[in-house]
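K.L.:
Sequence:
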Amino acid sequence: MGTLTRPAIAFVNPSVGFSDRRKSKPIGLAYIMAYLEKSGFPSSGFDFGDSEDDAVELAAHYGLDRFDVVGFSVYNESFRAAIAMAEWIKNRRPECLIVLGGPHATAVHEHILRRYSCVDVVVRREGEEAMLDLVRGLVRGLDVGVKADGDVDGDVGDRAGLTGIKGTTWRAPDGAGLLVNEDRDFVPDLDQIPFPDAEFTSHSGYPDLTYYDEVQGRLKAALTICSSRSCPYNCSFCGVLTIGRKYRSREAERVVAELLHFRARHGVNYEHVYFSDANFFVSPTRALEVAEALYEADPQVTFSFGTRVNQILKAAEVLPRLKECGLRFIELGIESASEPVLERLAKHVKPEVNVAAVRLLRRLGIEISLDFIMLDPATTLPDVRANLEFLREAGFYDYVPHDHLYTALVLYEGTPIRDFYARRFGVVFDPDDLPSPFTLFELPEVQRFSDTLRAFRKRWQDRIDDALAQGELALASMADGSDGSDGLGGLGGPDDSYLPRASHARLQLDVVSLRHAPNLFMERLLEDAEAGFPLLDEGGDKAGDDDGLEALLPRLGHDHVHLNDLIERTEAVAREAGFAQAPGAAAPHGRD
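Per numbering that gives the first Met the number 0, residue 0 is the first one in the sequence shown, and the count goes up by one each step.
Some clues are possibly wrong.
What the hints assert, rightly or not - In silico lysine to any residue, SDA-like type, Cα no more than 20 Å apart, as pairs:
(1) Lys349 with Lys322
(2) Lys89 with Gly62
(3) Lys24 with Thr200
(4) Lys245 with Arg262
(5) Lys457 with Lys89
(6) Lys322 with Glu288
(7) Lys37 with Glu51
As the list claims (entries may be wrong) - Across the chosen pairs, the derived CB separations fall in these ranges:
(8) Arg91 with Val354: 23 to 33 Å
(9) Ala530 with Asp53: 24 to 34 Å
(10) Ser275 with Arg358: 19 to 29 Å
(11) Glu526 with Glu56: 24 to 34 Å
(12) Asn233 with Ser275: 37 to 47 Å
(13) Glu444 with Lys349: 36 to 46 Å
(14) Asp418 with Glu213: 38 to 48 Å
(15) Arg244 with Asp190: 42 to 52 Å
(16) Asn563 with Glu529: 25 to 35 Å
It is worth saying that the hints were derived from the structure and are not from the lab. A virtual CB, placed ideally from N, CA and C, is assigned to each residue, including glycine.
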């Protein structure tokens with residue numbers, strides 16, 4: 000390969016196997032790339048996170064075999080795609096250093112190196128400092144031997160001098176066993192890490208990140224910022240435990256500086272910040288400092304974050320001031336309304352704490368983004384009943400999107416809950432596999448409930464979403480007068496079409512009915528399950544076929560029509576008012 004002065008480096012976010020158009024850039028890799036860039040080692044980023052194309056074809060199309068070092072950030076879902084790419088690169092370029100990192104690689108680092116010869120090294124936990132040591136070692140010749148004249152012999156195959164780097168695991172040079180080096184200390188001062196200013200080649204591109212601010216009545220350009228790392232809690236299902244529980248946070252001034260940096264860098268006036276922290280509210284005092292610093296820099300900036308229910312109650316006195324500084328919504332980790340499930344998840348809260356936190360935020364007028372786990376392998380029908388009663392009584396029947404109704408616990412490698420179920424089932428999960436959460440239910444009635452619910456989602460949810468989007472856009476435009484009306488509805492649409500006031504009122508009722516439809520179906524399904532599935536059996540249900548679903552569909556709208564009729568009617572009225580849109584477009588409510 001010749002003299003190695005500065006290796007060609009690539010970082011890859013492999014595909015998780017499905018498309019999610021709400022994706023954003025992989026911020027973990029962006030931090031590593033920026034950290035290397037600061038020390039004089041530029042790199043190329045490739046983000047295939049939402050690609051459904053073959054992994055090897057992607058690797059070939061983007062020429063991943065032209066790099067000296069290729070690092071993959073892997074999760075359970077993306078591990079097999081990463082290995083397929085790594086094997087292809089290694090076959091074509093054996094001297095390339097293949098590095099794996101991220102939660103999954105950290106959890107099963109020894110297994111990976113024993114089973115996959117295409118992987119040279121695993122970087123455990125945080126990656127910035129270890130990757131810099133690896134790259135510097137390559138340049139200094141620590142892995143290749145230095146000639147008498149001080150030049151570096153460019154054989155990247157012998158890496159004995161690199162295998163002692165802290166926080167890394169290697170296959171021993173003689174092939175006998177592994178070299179598991181001591182853990183590297185966490186980066187103590189996050190403010191010393193450069194902003195994650197890195198560009199990625201994406202197979203599908205990135206949709207503009209926005210937030211619809213209902214208070215100000217306008218759509219805002221949004222930016223994701225991570226202001227802290229880790230979380231001090233021990234939720235049994237959380238992948239953060241794999242990386243470590245050492246919580247650290249950034250100074251408020253640096254958070255503001257990052258916002259201003261990316262405004263200038265991208266030429267975009269970002270006015271909403273999505274904080275992507277695992278738990279932004281660990282220190283309410285610091286959270287308030289960040290909020291006040293943002294407000295002082297620009298009073299138009301709004302923000303949102305995620306946290307736990309118990310922290311909301313402990314720091315209730317801070318919330319009104321946060322709202323004054325622009326807090327719009329909190330992503331709230333409720334997870335379940337069933338006490339046995341909360342115990343399995345190690346949330347260490349009671350269901351009544353969930354209720355109290357929701358009531359507090361409702362009273363303050365702070366919107367809630369719902370994190371919920373509807374089903375787990377040991378779920379019972381009473382657990383589901385508790386969840387549905389909570390959602391109804393807490394006012395989440397109008398909550399969209401409806402994803403929370405369909406969620407099931409995922410058993411990520413390295414989490415205590417995965418070990419719990421391995422012991423409970425008496426099995427050993429393959430470290431390479433992420434078992435489908437929809438195939439692990441202990442009770443046959445819960446399995447049938449889940450299968451039928453998923454059939455409803457597949458058959459109806461996209462159609463409900465599209466009709467809701469069209470109906471809500473029509474109503475929102477009429478309400479603010481942007482259609483040329485007086486804001487009361489019933490006047491002209493944007494293309495001079497006309498919607499009578501009576502039709503406008505019926506549209507409002509139909510939109511509400513569509514919001515409630517999945518909840519109502521789920522309640523009917525649960526009632527049928529509790530009774531032994533007589534309606535499904537009468538409908539000839541076979542794993543949720545259309546006949547079985549038909550028996551459970553609620554009658555909706557002011558005149559109790561079939562769901563299909565309600566969808567078609569909503570779309571027709573929206574078209575009549577001139578507000579039809581393409582399927583899959585975003586509705587005007589926030590968090591798009």
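K.L.:
Checking each numbered hint in turn, tell me which of them this model violates, lowest number first.
P.N.:
1, 4, 5, 7, 8, 9, 11, 12, 13 and 15
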